[in-house]
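Student: Fit chain Y to the known structure of chain S by using the hints.
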Amino acid sequence: MPNEFLRIEALAKTYPGAGEAVFDGVDFEIRRGEFVCIVGHSGCGKTTILNVLAGLEQASAGHVFMDGREVAGPSLDRGVVFQGHALMPWLTVRRNVAFAVRSRWPEWSAKQVDAHVEEFVRLVGLEHAIDKKPQALSGGMKQRVGIARAFAIQPKMLLLDEPFGALDALTRGTIQDELLRICAQTHQTVFMITHDVDEAILLADRILLMSNGPRARVAEIVVNTMPRDRQRATLHHDPAYYRIRNHLVDFLVSRSKDLSHGRAPATPVEVSP
Amino acid sequence: MAVPLKLRAALLSVLLLAVFVGAWQLATRPVASASGPALTPEQIEYQKMLGKDPGGASGTSSGFPTPAQFATTAIGHLARPFYDNGPNDKGIGLQLAYSLGRVGLGFGLAVLVAVPLGFLIGMSPLVHRALDPFIQVLKPISPLAWMPIALYTIKDSSVSGIFVIFICSVWPMLINTAFGVSGVRREWLNVARTLEVKPQRLAFEVILPAAAPTILTGMRISMGIAWLVIVAAEMLVGGTGIGYFVWNEWNNLSLTNVMFAITVIGLVGMGLDQLFARAQKAVTYAE
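Protein chains in written order, with this note's numbering: chain S, 1 to 273; chain Y, 1 to 287.
Next comes chain S alone, as it looks inside the complex:
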C-alpha cells in the first residue's frame, strides 16, 4: 500500500459477559494525509474503534500500528476531538488550548505558548472569544475550540468522534468548511466517525462502511471519486455525488443488517461508485 500510515489488523472487542464480539476481524489502513470517515449504525463499535486508535481503550484482539509502531496507550501523536466538546468549563478558551499546548511542549515559555494558542484559535475564527469561558459560547463555538485544541498540538493524526452530531445544520456546514480548509492547509491525516452521509461525502477521501453488530466488520470501502477541492455549495450538482450517496444509503438501509454476525467479507471490498 503506498504511503501507508496507520494499519489496523484483525481488531476485535468483546465486552465481559457478552457472548459475541461487538466487532471482530476489523482490517483497514489509512494513508498519510488521507481523510477517512467511518459510517455505520449505532452499536457497531465505531466509537470503540476510535478509542482503541486513541489508546483510551484496549481491544480484545488485533493490533494497531501507526508509522510502523504499535499503538499502546494514549499519545500526543494522536489528537482527539470528542463527541461532547470536552472543554474544561473552569478555563477560558485561551487556557483550554494552552493546557494542550503546554502538555506538548512543556519547555516553552508562557509567551511562546500564548502565541501558539492565538494562532490556532485564529485558525478556527474565534479570536474574539478567546478570553471567554465555554459556558458563554454556543455549541458550534465550543466544538471549534475542541478542534483548535486538537490541531494545536500538531499531532500526526487526528481522531474525530462525531464532532458535529449535536450541532444544527447551518453551524455544521460552516465548521465542515473550516475543517476542510484546515486539513487542506496542514495535510492532516484524519479518521472521523459520522452518522451523516453527506458529511462523509464532503469530507472523506474514503468512506468505511461498517456492517451491523454483533460481530460487525468494515464490510466495504467506498472511494470518493469526486475531486478533492469539492465544495459544499456545489457538491450536489456533481452526478457522482448521487451515485456515491445512493450507494451509501443502500448499504446502511438494506445491506448492513444482513452482514452482521460476521457475515461480512474478511477483507473489505473496495468500490468506486
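None of these hints come from the bench; they were simulated from the model. Some hints here could point you the wrong way.
Dumping the calculated SDA-like pairs for lysine to any residue here, alpha-carbon to alpha-carbon at most 20 Å [claimed, not checked]:
#  : chain 1 : residue 1 : chain 2 : residue 2
1  : Y       : K198      : S       : S103
2  : Y       : K198      : S       : W105
3  : S       : K133      : Y       : K198
4  : S       : K132      : Y       : K198
5  : S       : K133      : Y       : Q280
6  : S       : K132      : Y       : A210
7  : S       : K133      : Y       : L208
8  : S       : K133      : Y       : K281
9  : S       : K132      : Y       : E205
10 : S       : K132      : Y       : W188
11 : S       : K133      : Y       : E205
12 : Y       : K198      : S       : G73
13 : S       : K156      : Y       : R193
Tutor: Relative to chain S, chain Y alone:
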C-alpha cells in the same frame, strides 16, 4: 410596585426584629404585684434564697433581662472586648479569639488529612471499599463522645478541644472530596490522557478544579459543624473560649451575658458561613 425585592425583604426583616424586641419588652416589663397579701420579711428573704425577687409593692420583674439591659451589657462588652482580668473575667473578643483559634487549628488539620485522603478514596475503588466501613462507623459518632479518650490520651484540655474540632470536621470534607474526585467527568480525564498529562498535573490542573465546588461544599458543612461543636466542647473542658464564657455566665446567673454571647456566636457563625459561601462561588463553574 417598583421597590426591589431585596429592599422589601430587608424592610420585612427590620419589621420582624421590631416585633420581636417589642414582644420581649412586653414580656419582661415589671408587673404590678398581685392582689395577694403582703409578704412578711421572712417570706421575702425565703423567696430571695430561692432565686426569686419578690420586689415588694413597687412591682415584680421576671428576672429575665429587658432589651434595655441587654443593650447596656452589649455596649459594655463591645467597648472593651479584649480586657483580661484573670481566668474568669476576660473580654468577649478575647474569648472569641480563643474559640476561633481552636476551630481554625482543628479545621486546618482536618483539611490537611481529609483532602488528600479524599483524593485517594475518590481515585481508587479499592481504597474506597476498604475504608468505607470505618468511615461509616466513625462518622455518626458525636464529636463530644471522643472527649474522654482525647482528655485521657492528650492530657491537655485545650488540645483535646482542637482534636474534637478535627474529628468533627474531617468527615464531611472527606466524603465530599471523595465524591467530587470520583465524579470528575470521564471526558476531561480522557482529554488529559490523550495529552499525556503527568499524574501531578492531572491532580492539580484537572481533578482539583473539577472537584473544587464539591470539596468547598464539604468544607462549608464542616465549618458549620465545627462552630456548633466548639461551644459545647468549651463548656465541657472550660478555661477559655466563648463556650466557657456562656457556661461561666450561667454559673454567675447573668442571663444578659449569656444572651449576648449567644448573639455573638450566631453572628460569627453566619460570618464564617458567608466566607465559605464566597469561596464556593469563586470555584464554581457552569457547564
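Student: Of all the hints numbered above, which does this structure not satisfy? Sort the numbers upward.
Tutor: Hint check: 3, 4 fail, others pass.
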